[in-house]
Amino acid sequence: MNSNTTTMNPELLDAFGSEIEAVKQRALADRGERDARYIKKLMRIHDLLTIGARLSIFASLLFLPAELFGFSIALNIASWPLFWLLLSAGSIGLGIAKILDNMEIGHNIIHGQYDWMGDPRFHSRHYDWDTNCPGSQWANSHNYEHHTYTNILGKDRDIGYGILRMDPAQKWHPAYLANPIFATLLMLLFDMGVALHDVEMDSLRAGRKTFKDVWPKLKQSLRKTAQIWGKDFILYPALAGPFFPIILAANASASVIRNIWSFSIIFCGHFPDGVHTFTEASCENESRGQWYYRQLLGSANLSGGKLFHVMSGNLSHQIEHHLFPDVPAHRYAEMSVEVRQICEKYGLPYNTGPLYSQYATVWMKIFKLALPPRNTPRPLAA
Amino acid sequence: MKLSTNPSRSTWRKIADSRLINALAAPNGMGRYLEALNPMWSLDPNRIPAYITAIHRETSDSVTLELSPNGDWQGFRPGQFCQLYIEINGRLHSRSYSLNCRAGRLAITVKAQADGLVSKHINSKLNVGDIIRLSPPMGDFVLPVQLPDAMLMVAAGSGITPIMAMVEAALKKGYQGGITLLYYNHSEADTIFIKRLQELASANPHFSLLPVFSDGSSELSGHFNQHHLLKTLSFQNTLSAHTAAVSLPECFVCGPESLIQAVSEEYKQFGHAEKFHAERFKPVINVSGNTEVVGKLAFKSSQSEVSSDNRNLLEQAEAAGLQPQAGCRMGICHSCSCLKTEGSVRNMNSGEISHGEEYIRLCISQPLGNVSLAI
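Top line first, the protein sequences correspond to chains E and A. Numbers 1 to 382, taken from the working numbering, label the letters of the first sequence in order. Numbers 1001 to 1375, taken from the working numbering, label the letters of the second sequence in order.
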């Protein structure tokens, strides 16, 4: 859905903007002990879960009843059920830990939500996350480009990530027939997708940039990828000696769990039905009110329980996140009550729904937009 | 995570902070996971955790914290200080405090300042068992390795803290020269360490205590002047055979700027400026104090620009709504170190001018014309 933010009465939009701004200022003024305690608790849960999950993966080897390359630990406690239980609990636990680190902890810290604490452990300039994209690089592509130019076609490279057709206004090309396949690959390798996102490999392909232009960022991304993959796919497996493949498989499963989950949450933030995109022209000289309005129209929420919100890094409150990207995200739930009231007051849409229905509309879009547009008048200047 | 090159680190710390172990905990390093298990197992050599093992009230508005830091603490030279990091309402604050020993333990004495958020918090809110963090010791206001023949110590109020460490260390070494301490306070009741000093003076013939109380209860009164200086010289302890009459003792001063200036003037007059050492906790800043616009100040990554004035860049960045990393706010801790991409700034401590692309400390940098920062 393409729209512009100038259709609404400017005075009304200003009034809307200042009410939203007031919600933000109240939250910023209230920051303190509570937020610090929250992020520390989350980080501690993540750290302990990571330690526990990795130990569980290694402990499973003690129960492995079979030989691997002629080696076996051959303890008389060997049992398949215990082996599988520890191994899968470890993989899932590590996957959850990575999700916590990437979303509720890393994403939000790198946004600068906790910079006010003045503690380098929680500061956007110092934090790096357990994924292939260097935190500093992402801070630019995401915090600046995506959050400033949200859903502006041609400016927000998060629309389709340079490989997918996620908006009818993107010109169709036969390569988009593979839209569902590309989407599935992006989902499974989302860590790599994010790491290469800011490198702008699509601009290289399209000839807008030369290899020399993209190399500095590509080098950073590859170095970070080597660090993370080296840890999960070489170092830890190597510690297990002949049982290398088991640890490798467990760690890879954890990464894939994290990839599928974060892809799903993130795609539900901007691509469900009812989310608007904008043209560059309509966003020129935007007022603060118009900017807030565009953020509201360009995002969609996911409804769910408290645990679901934490696991989604509170990106389930995508609307609040886009209105208030630098407010500690655990406050979005309480802020959303006020935001909804303000939206109702001004008769503005507030797009929200459960994960399964929002996600279903995302995949429908992925399939539908794989095909060329039907029954639409050809653009005059085509 | 910085790999420590500290040679005297314990073996387990060296192993835990080795490249291989840190690679297993990429990208944050093993220290973060060890800290999750026990905060004292931190591997951060710049923010060393320390347990508060005891709290002693010195006067009605000052306390001494006895501290037990983890193994990354490598001791200090008497007279040195460190940054103390403390969290208040979610925000991490840092302040410089002089280091002392008390009952064989590391100790820090803090006087509550009337408008001091951190010093008041330390005086009233901390408990035994709490953990605070310390930077490694710093500062070159220290007891000389080769002790001079005689020493004059001048302190006022909480300025006694580095002086106390120096006096105790010198006496412990069996110093045979004379030490005279000229110590300014309002009254005996609000004089930090008064008991310990009196005990030291009565037990040690090489140490003389000369307290000056502004309530008139002491022999000397008023601010430092030449009479006070001559009085200290009349203590025979100060007058070693070599230095009497012709020479002033090596002098160490810690206190407010006015005291430092007064003592410094006397030493200059007597032609002994080279024997004068002072410690100031506040940078000397000669700013006219006006808020005249000096140029434009651009913040690159936050895409904003403001007009700049004479204040330091940290204050101006904060006034513009940014939240740069900051610590001591006096040019010591380098927390606010930031890349300046364009323009010139003056170092408010040294007067040095930095041109073009260079890392600067925001808290002590004053813009000279248009400046662009990478924050």
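Keep in mind that the hints are not guaranteed to be accurate.
Estimated spans, in silico, between C-beta atoms of each pair [said to hold, decoys possible]:
| id | chain 1 | residue 1 | chain 2 | residue 2 | range |
| --- | --- | --- | --- | --- | --- |
| 1 | A | Ala1114 | E | Gly305 | 21 to 29 Å |
| 2 | E | Trp215 | A | Gly1356 | 34 to 42 Å |
| 3 | E | Arg44 | A | Lys1231 | 54 to 62 Å |
| 4 | A | Ile1055 | E | Trp215 | 52 to 60 Å |
| 5 | E | Ala333 | A | Gly1356 | 43 to 51 Å |
| 6 | E | Arg44 | A | Pro1256 | 51 to 59 Å |
| 7 | A | Met1040 | E | Lys306 | 39 to 47 Å |
| 8 | A | Gly1356 | E | Leu48 | 33 to 41 Å |
| 9 | A | Gly1356 | E | Glu284 | 57 to 65 Å |
| 10 | A | Ile1055 | E | Glu11 | 30 to 38 Å |
| 11 | E | Lys306 | A | Ser1258 | 42 to 50 Å |
| 12 | A | Met1040 | E | Ala333 | 52 to 60 Å |
| 13 | E | Ser303 | A | Gly1321 | 50 to 58 Å |
| 14 | E | Ala66 | A | Lys1014 | 34 to 42 Å |
Derived from the structure by calculation, the hints contain no laboratory data. For every residue, glycine included, the Cβ atom is placed at its ideal position computed from N, Cα and C.
For each hint, the structure was consulted:
Distance hint check for alanine 1114(A) and glycine 305(E): the Cβ-Cβ separation is about 49 Å, which falls outside the suggested range of 21 to 29 Å. The beta-carbon spacing between tryptophan 215(E) and glycine 1356(A), approximately 26 Å, falls outside the hinted interval of 34 to 42 Å. Between arginine 44(E) and lysine 1231(A) the CB atoms are about 59 Å apart, so this pair conforms to the stated range of 54 to 62 Å. Range check, isoleucine 1055(A) to tryptophan 215(E): Cβ separation about 57 Å, and the 52 to 60 Å hint holds.
A hinted range of 43 to 51 Å for the beta carbons of alanine 333(E) and glycine 1356(A) is consistent with their spacing of about 47 Å. Checked against the given bound of 51 to 59 Å, the beta carbons of arginine 44(E) and proline 1256(A), roughly 43 Å apart, lie outside it. At roughly 32 Å, the beta-carbon separation of methionine 1040(A) and lysine 306(E) lies outside the given 39 to 47 Å, and the hint is violated. Taken as a hint, the range 33 to 41 Å is violated for the pair glycine 1356(A) and leucine 48(E), whose Cβ atoms sit roughly 47 Å apart.
At about 34 Å, the beta-carbon gap between glycine 1356(A) and glutamate 284(E) misses the expected band of 57 to 65 Å. Between isoleucine 1055(A) and glutamate 11(E) the beta carbons are some 59 Å apart, a value that contradicts the proposed interval 30 to 38 Å. The hinted window of 42 to 50 Å between lysine 306(E) and serine 1258(A) is violated, with their beta carbons roughly 58 Å apart. In this structure the hint that methionine 1040(A) and alanine 333(E) lie 52 to 60 Å apart at CB is violated, the actual value being about 35 Å.
For serine 303(E) paired with glycine 1321(A), a C-beta distance near 33 Å fails the hint of 50 to 58 Å. Remark: the range hint 34 to 42 Å for alanine 66(E) to lysine 1014(A) is upheld by a beta-carbon distance near 39 Å.
Checked against the numbered hints above, the structure violates hints 1, 2, 6, 7, 8, 9, 10, 11, 12 and 13; every other hint is satisfied.
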